[in-house]
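Asks: Model the placement of chain X on the given structure of chain U, informed by the hints.
Chains as they are written, first to last, in numbering that gives the first Met the number 0: chain U, 0 to 368; chain X, 0 to 368.
Treat the hints with care, as some may be off.
Where chains are identical, the list cannot tell them apart; a pair therefore holds if satisfied intra-copy or between any two copies.
What the hints assert, rightly or not - Subject to a maximum C-alpha distance of 30 Å in a straight line, what follows is the list of computed BS3-like cross-link-like pairs (lysine-lysine):
1. K190 / K273
2. K150 / K190
3. K285 / K190
4. K190 / K99
5. K57 / K160
Rather than coming from a laboratory, the hints here were simulated on the basis of the structure.
2 protein chains.
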Amino acid sequence: MAKSPPTEKPHSTPCFGSLLSVSNLERLVEKLEWFVDQPSVTREEKALADNLQSRLAKWDQFKIHRWRDGLVAVPKDKQPAFLMAGHLDTVPPSSAQTRKRENGRVYGCGTSDMKAGLAVMLEVLENFPDAPVGYIFYDREEGPIVENGLKPLLESIDLPKAPTIVLEPTNGEIQVGCVGSFHLDVVFQGKRAHAARPWQGENALYLAAPLLTYLSQREPDEIVVHGQTFRQVITPTILTTHTLANAVPGEVTINLNVRFAPGSSHEELIEEVKREAGPKAEVILKDLAPSGAVCSDDPTLAPWIEAEGLVVAPKQAWTDVAQLTAMGFPAVNFGPGEPAQAHQPDEWCPEEGLLFCYEKVLKLLKSGK
Amino acid sequence: MAKSPPTEKPHSTPCFGSLLSVSNLERLVEKLEWFVDQPSVTREEKALADNLQSRLAKWDQFKIHRWRDGLVAVPKDKQPAFLMAGHLDTVPPSSAQTRKRENGRVYGCGTSDMKAGLAVMLEVLENFPDAPVGYIFYDREEGPIVENGLKPLLESIDLPKAPTIVLEPTNGEIQVGCVGSFHLDVVFQGKRAHAARPWQGENALYLAAPLLTYLSQREPDEIVVHGQTFRQVITPTILTTHTLANAVPGEVTINLNVRFAPGSSHEELIEEVKREAGPKAEVILKDLAPSGAVCSDDPTLAPWIEAEGLVVAPKQAWTDVAQLTAMGFPAVNFGPGEPAQAHQPDEWCPEEGLLFCYEKVLKLLKSGK
Chain U
0 MAKSPPTEKP HSTPCFGSLL SVSNLERLVE KLEWFVDQPS VTREEKALAD NLQSRLAKWD
60 QFKIHRWRDG LVAVPKDKQP AFLMAGHLDT VPPSSAQTRK RENGRVYGCG TSDMKAGLAV
120 MLEVLENFPD APVGYIFYDR EEGPIVENGL KPLLESIDLP KAPTIVLEPT NGEIQVGCVG
180 SFHLDVVFQG KRAHAARPWQ GENALYLAAP LLTYLSQREP DEIVVHGQTF RQVITPTILT
240 THTLANAVPG EVTINLNVRF APGSSHEELI EEVKREAGPK AEVILKDLAP SGAVCSDDPT
300 LAPWIEAEGL VVAPKQAWTD VAQLTAMGFP AVNFGPGEPA QAHQPDEWCP EEGLLFCYEK
360 VLKLLKSGK
Chain X
0 MAKSPPTEKP HSTPCFGSLL SVSNLERLVE KLEWFVDQPS VTREEKALAD NLQSRLAKWD
60 QFKIHRWRDG LVAVPKDKQP AFLMAGHLDT VPPSSAQTRK RENGRVYGCG TSDMKAGLAV
120 MLEVLENFPD APVGYIFYDR EEGPIVENGL KPLLESIDLP KAPTIVLEPT NGEIQVGCVG
180 SFHLDVVFQG KRAHAARPWQ GENALYLAAP LLTYLSQREP DEIVVHGQTF RQVITPTILT
240 THTLANAVPG EVTINLNVRF APGSSHEELI EEVKREAGPK AEVILKDLAP SGAVCSDDPT
300 LAPWIEAEGL VVAPKQAWTD VAQLTAMGFP AVNFGPGEPA QAHQPDEWCP EEGLLFCYEK
360 VLKLLKSGK
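Chain U on its own, in the form it takes in the complex (with noise of 0.2 Å):
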């Protein structure tokens, strides 16, 4: 259920010491609070974005722009220094996945990936509304690449290519580049048969096994960039039998999710499937997501990271730091949410990363000025 926006006015000056964080920290658990009482499941977030849109409408200061369920915030009478962005979808929840507070964690589905983050947004937002800053708020990340959001959102804006920090969960590290990801259908043809005898047929399930076999085995990749190291990994999620309880499966499929560093050719893992699953499988590239560059040396955000001494690591998962890179906006992923929480049944963000992420994003609002 969605609450109503909370009516307290910004405050003027910004202050770090700790009863103010305590303050701080429960607006801010409030925002991701009201953000997954939304539920936004990739294609579902049209109320979300409908709520948020009326929210964000009560400030004058920012010219709001939507396209389909995605907002951009910008100020109406000053440049952007530095941009910030978030997906409003979620992953489906599991069955038994409510919202709960406990042990300096906050539980439900995207808190971690990326309502936390989204609340870091809105909390800037509502409290330094005169802040030089945009907001980037789009939809249908979590689902194939052609139905994203980010792209045709900023392609029907003219938005000036600013710094821009997107708030997927990075555990408060400064987070560069992204894999690459894309997906590969491994189609195996055996021969379907009656079960009672297995032997006139060919079971497509031990033609693809020798394929799981090898990628059980296969080590991650490690490709260095810039000093940074990502993992080049092939992971079979979903395999399809296509068939009868009582019949041998003629056919199975096997999707391949695969991540490739920046700077790296997608089509030599190709070739890794093709040759493991052998000349008899089909293998269907169904899409293909670029990685993303490396943008740690960016003027405006390079002294910060460094003044605050956040840690640089490599993304190693796919996030639109490779759109908006290749869009010319200079990105980073800097976010409060926990990186192995994205996607689990239990999906918890810490508070700590809430109030971390935020602070720090006030910084980089001082250091502009």
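Replies: Below, chain X alone, put in the same frame as chain U:
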């Protein structure tokens, strides 16, 4: 689409010359087409059962009994010397499957398994309505054993325990006994994770791969019963990953279809699966259909089998010979279909099988006179 039943009167004196064989064949094919043109996937047999019931009701000689979508037709004024039995349902058709007649074959869903058998039954019934033969048409054979309509149909009527021919596909052989059948779910628990960082989870497909490899190399157990060799086999049929394209599957379920010989213990096969799946896998017995006794020495059937020189072989499939022999009906499989065609996407039945089976049944009819 259902055709209207043919209106020709039954022949009073059958003759086995080649010209009459041609006309017998045409009538058999016509009846097979009548059945094939009325789709009857398991649980959807009602329309076919309704039309068949109307067709049988035209013959005064029979008492017609119905239970759900199963029908029994028994002579009103005489004890049956033998019974013929067949199931009305089929597995779901494949997408491109249509009925056609080509090169001595009739193609279509359920032709071999076992509408060709139903066609022989209907031809005997309509051609020899005064013969001492009873007919059992029943529903839901291809689904779970708990829904199988044969036992409740027979329990709802008082039928003498006459020898019974089950017209499952046997390619004109007498196939005795039948293997028992059961399904196991083998559940592997890993740990779900984001597919970009698979090392943070445990891929349940990798836990399942060794069992698939073992089964791919396993030879059937050969078990000899009354001189007939039955093969015990374990076949993985459905594998379910329960996950998204971008997540490491945290749980995998493999459905195993297992066949065991008459008189053999199914429990040893469960122990084998448990041993090979490993101690962390959960093995769940989902259903169990018993094996069928070997009845080729029945005093009515044995002389006929010998006189006609019929080939006797073990039935390497589950058929309702299991339930019939358990209920006290001495039963064997003898049908016109081709066993290897059962459940094939382009299933066919040989025309010569129809004629052979029909003519041999007429010999049994004569032998009892």
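Asks: Within a copy, between copies, both or neither: which one fits K285 and K190 at a CA-CA cutoff of 30 Å?
Replies: Both. Shortest intra-copy (25 Å) and inter-copy (26 Å) distances satisfy the 30 Å Cα cut-off.
Asks: Is it within, between, both or neither when you check K57 against K160 at 30 Å Cα-Cα?
Replies: within (26 Å within a copy, 84 Å between copies)
Asks: Pop the pair K150 and K190 into one bin, within, between, both or neither, using alpha-carbon distances up to 30 Å.
Replies: This pair counts as neither: shortest intra-copy Cα distance 44 Å, inter-copy 33 Å.
Asks: Reference check for the pair K190 and K99, CA-CA at most 30 Å: within, between, both, or neither?
Replies: The answer is between: 22 Å across copies meets 30 Å, while 50 Å in one copy does not.
Asks: Checking an output row: K190 and K273, CA cutoff 30 Å. Within, between, both or neither?
Replies: both (21 Å within a copy, 27 Å between copies)
Of the hints listed earlier, the one the structure fails to meet is number 2.
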